[in-house]
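Fit chain B to the supplied structure of chain A, relying on the hints for placement.
Number of protein chains: 2
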Amino acid sequence: MTPPPHAASPLYLSAPTVAQWIEQQGIATCLRGLCERLQLDYLRWNEFDKCARVPSHSPWGVIELMPIADAQHYSFKYVNGHPGNTLQGLSTVMAFGVLADMATGAPLLLSELTLTTALRTAAMSALAARTLARPESRVMALIGNGAQSDFQALAFQHLLGIQALRLYDTDPAATCKLVHNLRHSGLELTVCQSTREAVQGADIVTTVTADKCQATILSADMLSPGQHINAVGGDCPGKTELAADVLLNNPVFVEYTPQTRVEGDIQQMPADFPVTELWQVLAGQAPGRCDAQTITVFDSVGFALEDFSALRYLYDSALALGLGERLDLIPALNDPKNLLGCLGAQAFATTQPPVQPALRRAA
Amino acid sequence: MTPPPHAASPLYLSAPTVAQWIEQQGIATCLRGLCERLQLDYLRWNEFDKCARVPSHSPWGVIELMPIADAQHYSFKYVNGHPGNTLQGLSTVMAFGVLADMATGAPLLLSELTLTTALRTAAMSALAARTLARPESRVMALIGNGAQSDFQALAFQHLLGIQALRLYDTDPAATCKLVHNLRHSGLELTVCQSTREAVQGADIVTTVTADKCQATILSADMLSPGQHINAVGGDCPGKTELAADVLLNNPVFVEYTPQTRVEGDIQQMPADFPVTELWQVLAGQAPGRCDAQTITVFDSVGFALEDFSALRYLYDSALALGLGERLDLIPALNDPKNLLGCLGAQAFATTQPPVQPALRRAA
Numbered sequence: 001m002t003p004p005p006h007a008a009s010p011l012y013l014s015a016p017t018v019a020q021w022i023e024q025q026g027i028a029t030c031l032r033g034l035c036e037r038l039q040l041d042y043l044r045w046n047e048f049d050k051c052a053r054v055p056s057h058s059p060w061g062v063i064e065l066m067p068i069a070d071a072q073h074y075s076f077k078y079v080n081g082h083p084g085n086t087l088q089g090l091s092t093v094m095a096f097g098v099l100a101d102m103a104t105g106a107p108l109l110l111s112e113l114t115l116t117t118a119l120r121t122a123a124m125s126a127l128a129a130r131t132l133a134r135p136e137s138r139v140m141a142l143i144g145n146g147a148q149s150d151f152q153a154l155a156f157q158h159l160l161g162i163q164a165l166r167l168y169d170t171d172p173a174a175t176c177k178l179v180h181n182l183r184h185s186g187l188e189l190t191v192c193q194s195t196r197e198a199v200q201g202a203d204i205v206t207t208v209t210a211d212k213c214q215a216t217i218l219s220a221d222m223l224s225p226g227q228h229i230n231a232v233g234g235d236c237p238g239k240t241e242l243a244a245d246v247l248l249n250n251p252v253f254v255e256y257t258p259q260t261r262v263e264g265d266i267q268q269m270p271a272d273f274p275v276t277e278l279w280q281v282l283a284g285q286a287p288g289r290c291d292a293q294t295i296t297v298f299d300s301v302g303f304a305l306e307d308f309s310a311l312r313y314l315y316d317s318a319l320a321l322g323l324g325e326r327l328d329l330i331p332a333l334n335d336p337k338n339l340l341g342c343l344g345a346q347a348f349a350t351t352q353p354p355v356q357p358a359l360r361r362a363a
Numbered sequence: 001m002t003p004p005p006h007a008a009s010p011l012y013l014s015a016p017t018v019a020q021w022i023e024q025q026g027i028a029t030c031l032r033g034l035c036e037r038l039q040l041d042y043l044r045w046n047e048f049d050k051c052a053r054v055p056s057h058s059p060w061g062v063i064e065l066m067p068i069a070d071a072q073h074y075s076f077k078y079v080n081g082h083p084g085n086t087l088q089g090l091s092t093v094m095a096f097g098v099l100a101d102m103a104t105g106a107p108l109l110l111s112e113l114t115l116t117t118a119l120r121t122a123a124m125s126a127l128a129a130r131t132l133a134r135p136e137s138r139v140m141a142l143i144g145n146g147a148q149s150d151f152q153a154l155a156f157q158h159l160l161g162i163q164a165l166r167l168y169d170t171d172p173a174a175t176c177k178l179v180h181n182l183r184h185s186g187l188e189l190t191v192c193q194s195t196r197e198a199v200q201g202a203d204i205v206t207t208v209t210a211d212k213c214q215a216t217i218l219s220a221d222m223l224s225p226g227q228h229i230n231a232v233g234g235d236c237p238g239k240t241e242l243a244a245d246v247l248l249n250n251p252v253f254v255e256y257t258p259q260t261r262v263e264g265d266i267q268q269m270p271a272d273f274p275v276t277e278l279w280q281v282l283a284g285q286a287p288g289r290c291d292a293q294t295i296t297v298f299d300s301v302g303f304a305l306e307d308f309s310a311l312r313y314l315y316d317s318a319l320a321l322g323l324g325e326r327l328d329l330i331p332a333l334n335d336p337k338n339l340l341g342c343l344g345a346q347a348f349a350t351t352q353p354p355v356q357p358a359l360r361r362a363a
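First to last, the sequence lines map onto chains A and B.
No gaps in the numbering here: position 208 of the first sequence is 208 in my numbering, and each next residue is one more.
No gaps in the numbering here: position 307 of the second sequence is 307 in my numbering, and each next residue is one more.
Please note that a few of the clues may not be correct.
No copy labels: a pair is met if it fits in one copy or bridges any two.
Straight line, CA to CA, 25 Å or less: simulated DMTMM-like cross-link-like pairs of lysine to aspartate or glutamate [what the hints assert, rightly or not]: (1) Lys337 x Asp316; (2) Lys337 x Glu23; (3) Lys50 x Glu277.
No lab work stands behind these hints: they were computed from the structure.
The structure presented is a predicted model; accordingly, all values stated were derived computationally and were not measured.
So that you can see chain A by itself, here it is in the shape it has in the complex (with noise of 0.2 Å):
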């Protein structure tokens, strides 16, 4: 039988093309995107094959393997951690995946994903305020301005309704870029000196550190009721933002328990340290915040099944909007079953003359 055309073609989605489409749609239709499509994905949890992420450490930094399957698709990312590589000029987080089809095997799609893993964690954090903070929340403050930052600051204005952001870094001069990208947004926003400071009348608190040490980025005494806090930067052993009493006090909601445990901010706490799975907030299945002085905290590392949900939707609109290009990643065979037959007559030469085989069958 003759294979579909491109049956194991992958489409390729390079960095500039992702960069592209996002300029075409306007970034706050794909936060929106994205958002929705993850909270139809979180909402069929049970319907994913699920493990933490496989991660490589050395001292520079780590590498990690994301995967996750549905019946129909498995998807993983890879991705990076090296904070020192902005010295080097280049990126502290570098990522891209590939959505595969589940009955072949077949690789269906192969993307960036650094550009992506910015916008769908700002999705992400955006779906999860939007389940755990107070409806009325315009003010947030936004602790850490890296190259995370600005996209955090778009989701929760497209998404949630921000109007004024706080800003604070120990760097000015990521703060000092964060307002230059945001100058046209339409966003009122107000350098800070401190983290104290920047958290004062916030009503949403987003830390987005980048440093990989046990850090205490924000803590109790510097919270106000009400508030909700969107930790994203501590996503690895030993990278933590949040001092225990915060963690304490409150309630904690997490993406996937297992790999939280072991890299979110609650790994300073018992292993049975109580938390909450956003999907099952998101499915009625348990409370979210009680009332409006509740301090709720989402301790974000970044799931697989986000990823997941993003490559879906990248290919959806590249097919639709015939983006990106077939890559020849795997043979295309004649018969399937003769993988050596895809070698030209050169491949078998040797030195000596070949010497025809004495062909028999046996007695």
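Just chain B, lined up with the frame of chain A:
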């Protein structure tokens, strides 16, 4: 600091490019080069950060990720196993992989690994046999004559001096294909009517069958003293080729014990069934065969280290020969802390005209 050129643009080797490279080098040279790399890497076993591969099973087959790293490099392979694929004109096994830099997490190489997996599996089988089989081995039984069998035949010819093959497959068309492909190889080919017949008089018995079931291709009563069993096809939970008595009465050698206990033929045996890791024999830390009468068993499942060796060999060869092209998989940023900055102004357009932000410094 300006990053070096191509710092985050991996080299891309397509399936046609790798096929062309094999044709130019000759398959014998490629197999020899791979075998040499495998031996060197297995000899530095303790330098690697290892884990069992990460599978995702479905009713149709399996998709696996196989990561591994040393201090300098990280690699992973994506590979599937879908026995029903050939009915749709697709390969049972398709693969690709990535080599990356541990210091920065940047991907260095994205390569096809379908052809390469066939080569490295055969080179690995030959390395194990060179270590475990009787040196005077000249006749090999080849049970299962599918896509991988051709590569096994050529590896054993070129790396071990095998001169004659005794072939059997339940599908005569598969054997026909193999005989055709090897017609100029100089190998003496004997087509047999059963496994039992094929095994008779063989110095080495290679089993490389593909059905995903608990099969008994080979049982102890078929074997003769001094034979080496190269069991390649039993490589997945629920997929075995050897009867328990083949394993019980003979020394069994494996690649990486934690993975082989789950996937290899020894999945049938108790968790404490004694095995020897091949690297121990290569390093002179454990005995191989006792004497010319010993039946040795290599329970091969394929280990991530082998793809690491293959990817490094491909990468070095491609750089030396100028093969492949650069892939813009990662955004090239002027300022790595400013990911959003790679998007044009169009991305921020909204239906509302942008409002000038009220930028003020906190009191």
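Cross-check of the supplied hints:
Taking identical chains as interchangeable, the C-alpha atoms of lysine 337 and aspartate 316 are never at most 25 Å apart, the minima being 32 Å within one chain and 30 Å between chains. For the identical chains of this complex, lysine 337 and glutamate 23 are inter-copy neighbours only, at 20 Å across copies versus 44 Å inside a copy, given an alpha-carbon limit of 25 Å. Proximity of lysine 50 to glutamate 277 under the C-alpha cut-off of 25 Å is restricted to the intra-copy arrangement: shortest distance 14 Å within a copy versus 31 Å between copies.
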